[in-house]
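Engineer: What follows is the residue order along each chain.
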Amino acid sequence: MSHDLNPKDKKKVFRQRLQRVHVATGISFSLLMYVAVFFGIFAILLPYIQVWEKPSRHFQTADITKIDYSSMIEPIISNPDFPRNNIIITLPGYQHDPALKISHEFVEPIVFNPSTQKLLDNEKDQSQLAEFLNHMHYGRPFKTFGYLLFGFMAVAGMFLIIGGLIQVILIKYKNNGKNSVSKFSKWHRKIFTWVFPPFIIITLTGAMMNIGYFGSAPMAFMASSGKTAQVWNLAGPVLFPPLPTIEKKNDTVPMLEINQLIKKAKEVNPQIDFQKLTLINWKDSSALIKLEGYNPYKPFLNGISNKPSVVLSGVDGKLISHTKVLDKHWSGLVYDSVFFLHLLFGVDAFTRLFIAAIMAMSTFALGFGVLLWLEKKARKFPNNIPVYQWMGKLSLSIMIGVIPATGLLFALQWILPFDLENRFLIQKSLFALMWLSTLTWSFYRLNSYQTAKEFLYLGGILFMISPLLHFFNSGFSPLELLNNSMTNILSVDIGLFIFGFLFIFVAYKLPTTKDKIQNFWTNKL
Amino acid sequence: MKSKIILTYKKLSIPERSSTKIGLFRTICAIFGGLLVAYLAMTVLIFIIPGTPGESIVVPVLFNTMAWSFASLWISLSPSKLIALKRTFIPSLIFSLIIIIMF
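Protein sequences appear in the order of chains A and B. Each residue of the first sequence is one higher than the last, beginning at 40 in the numbering used here. Each residue of the second sequence is one higher than the last, beginning at 369 in the numbering used here.
Since the hints were made in silico from the structure, they are not lab data. Idealized CB from N, CA, C, for every residue including glycine. Keep in mind that a hint or two might mislead.
[To be verified] So the derived list for chain A, only partly shown, Cβ under 10 angstroms to chain B, looks like this:
| # | residue |
| --- | --- |
| 1 | 55 |
| 2 | 57 |
| 3 | 58 |
| 4 | 59 |
| 5 | 60 |
| 6 | 243 |
| 7 | 254 |
| 8 | 257 |
| 9 | 270 |
| 10 | 370 |
| 11 | 378 |
| 12 | 382 |
| 13 | 383 |
[What the hints assert, rightly or not] Quick list of simulated restraints, FRET-style, between CB atoms:
| # | chain 1 | residue 1 | chain 2 | residue 2 | range |
| --- | --- | --- | --- | --- | --- |
| 14 | A | 476 | B | 378 | 54 to 60 angstroms |
| 15 | B | 372 | A | 423 | 55 to 61 angstroms |
| 16 | A | 482 | B | 469 | 45 to 51 angstroms |
| 17 | B | 372 | A | 476 | 53 to 59 angstroms |
| 18 | B | 388 | A | 336 | 52 to 58 angstroms |
| 19 | B | 469 | A | 464 | 54 to 60 angstroms |
Work out the full structure: start from the sequences and follow the hints.
Structural biologist: Structure below.
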């Protein structure tokens, strides 16, 4: 007796299996992937939200070329009690933050408004909206468990992308089907074939950040012939070269003004946008200043680990060393080019919006994938029987329920007073509560489309009122924001309003009866 | 005993006619076997890429997870359980040998 299949059957079984593993993995990780991508959109816009959420950052953006750094920095660092080594100064404009920051390992950061040169009252832990949205993006609220879970999800994501591509190549799908199942299938495939190149790179780096470092210990052990199991002991000096340790002379000499040092560094390399200054052994005759930044003329090659820098002597501004973008070891350049699309450090608003749009499309593609699976389950029943399926309810609450929950998070940012104790704890607890209540509500309701409609209305309203609350409680009207060149803040308001409006529009259009739904998907999509 | 082993071998080597059920055997082979194959392959890559360990470890650490997903997919698509096992252990063995030689 022979068990061998003939070639035709072999091919058929292979293709079926290809689809089967895709469906099984896809449906198991779909909701996690959706959460990561959904909050990822907010993480892309993090620099803008970070400014929008803080009353202390509501001031006119100063003209970078005309800021007098010395008058702010000098009084702080000439204070004899202030530490003298490794003082870090973050220049305004870094990650779109208009403030100037002076920080040190052992000192609370000091924040300045560069246009008025006044000290700012930093909110610190009271305002963490943007950071929280970013944490939700990679599972940080659940600590190590969250990291691992999201990391495995990213690996599954790559598995799905590769498997999906093979399917699209091998299997001849028809695009002209008229029922809702074939429409979902068509759009799930179409969108992902468009967006897979950035998507797979972003998933790859995501997996690396969440589980790649964790799991690299045996590899580091073998690579170093048993000397160390810490990957950073090996790769750290290559990717992030440490500052040179220099002998202190233990004297006090006058330093050159920061303004002049920045000017000198600009002459050395005019291409770099300087972001961060590090003062080493300041006020000593061995003093050095390291100015590092981002070179926008060489995107993809710098910004993450590769930071072009100029090191000058603090005494007379003599050039000590000069590191250009391409001076990096090639492995560092590979590292930066892969991470560039994910972390988007130093890129302009257009690139950020473009990537955000790609990711928004991906959320739709993910949604269509889940809808396809659900529709195949529901198709077994005639139209007059309502289908109650646990996965459908769960995905409804996670995928649509996250919208009112996030809307509440934004609305609460400007409702809760900033001096409220445990302000951020209350804010995120209410967010969690809202999300959980959507879970209960979606399991309670029989008609999922009706529930989706309600969630979208609620989310839309919350998103739409949050800019209004912002205008009212911050005391800045849209016109004032515009006139005082706070366009970064105003654009977040506009974005939130448009977001909210879109949700309400979709909610208005969404049908609720089963035959209308079928009609909607087949004719409108 | 011997005939039992042969019987198991024969049973494992039957290609599955239906692909609707993925099965625990295949799943475990794909997830853990895939990880093993990918991890060892990437470790071999460290020795192949020239440079100090610090320089050559960056790319393998970066692409480790992607290699995992590739290997998992490859193993999960094997026609029979035996092939899934072979796809797990043969490359792992080869890569381990290379690592032992080069370590």
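Engineer: Interface hint check: residue 254 of chain A, Cβ to nearest Cβ on chain B, cutoff 10 angstroms. Holds or violated?
Structural biologist: holds, 7 angstroms
Engineer: Check the following: the C-beta atoms of residue 372 of chain B and residue 423 of chain A are separated by a distance inside 55 to 61 angstroms.
Structural biologist: Given about 56 angstroms between the Cβ atoms, the range holds.
Engineer: Using Cβ atoms only, decide whether residue 243 of chain A comes closer than 10 angstroms to chain B, and label the hint accordingly.
Structural biologist: holds, 5 angstroms
Engineer: Holds or violated: residue 370 of chain A as interface residue toward chain B, Cβ cutoff 10 angstroms?
Structural biologist: Result: holds, 4 angstroms to nearest chain B Cβ.
Engineer: For residue 469 of chain B and residue 464 of chain A, compare the CB-CB distance with the range 54 to 60 angstroms and indicate the outcome.
Structural biologist: holds, 56 angstroms
Engineer: Could you check if residue 383 of chain A really has its C-beta closer than 10 angstroms to a C-beta on chain B?
Structural biologist: Not OK, violated: residue 383 of chain A not within 10 angstroms of chain B, min 18 angstroms.
Engineer: Quick check on the hint: residue 59 of chain A CB to chain B CB, less than 10 angstroms?
Structural biologist: holds, 5 angstroms
Engineer: If I claimed the Cβ atoms of residue 372 of chain B and residue 476 of chain A lie 53 to 59 angstroms apart, would that claim hold in this structure?
Structural biologist: With a Cβ separation near 58 angstroms, residue 372 of chain B and residue 476 of chain A satisfy 53 to 59 angstroms, so the hint holds.
Engineer: Quick one, is the residue 378 of chain A hint okay against chain B at 10 angstroms, beta carbons?
Structural biologist: Interface hint status for residue 378 of chain A: holds (9 angstroms vs cutoff 10 angstroms).
Engineer: Does residue 57 of chain A pass the interface check with chain B, least Cβ-Cβ distance below 10 angstroms?
Structural biologist: holds, 6 angstroms
Engineer: Can residue 58 of chain A be said to touch chain B, with a Cβ gap under 10 angstroms?
Structural biologist: Since chain B brings a Cβ to about 8 angstroms from residue 58 of chain A, closer than 10 angstroms, the hint holds.
Engineer: Could you check the hint for me, namely that residue 388 of chain B and residue 336 of chain A are 52 to 58 angstroms apart, CB to CB?
Structural biologist: holds, 55 angstroms
Of the hints listed earlier, those the structure fails to meet are numbers 12, 13, 16, in rising order.
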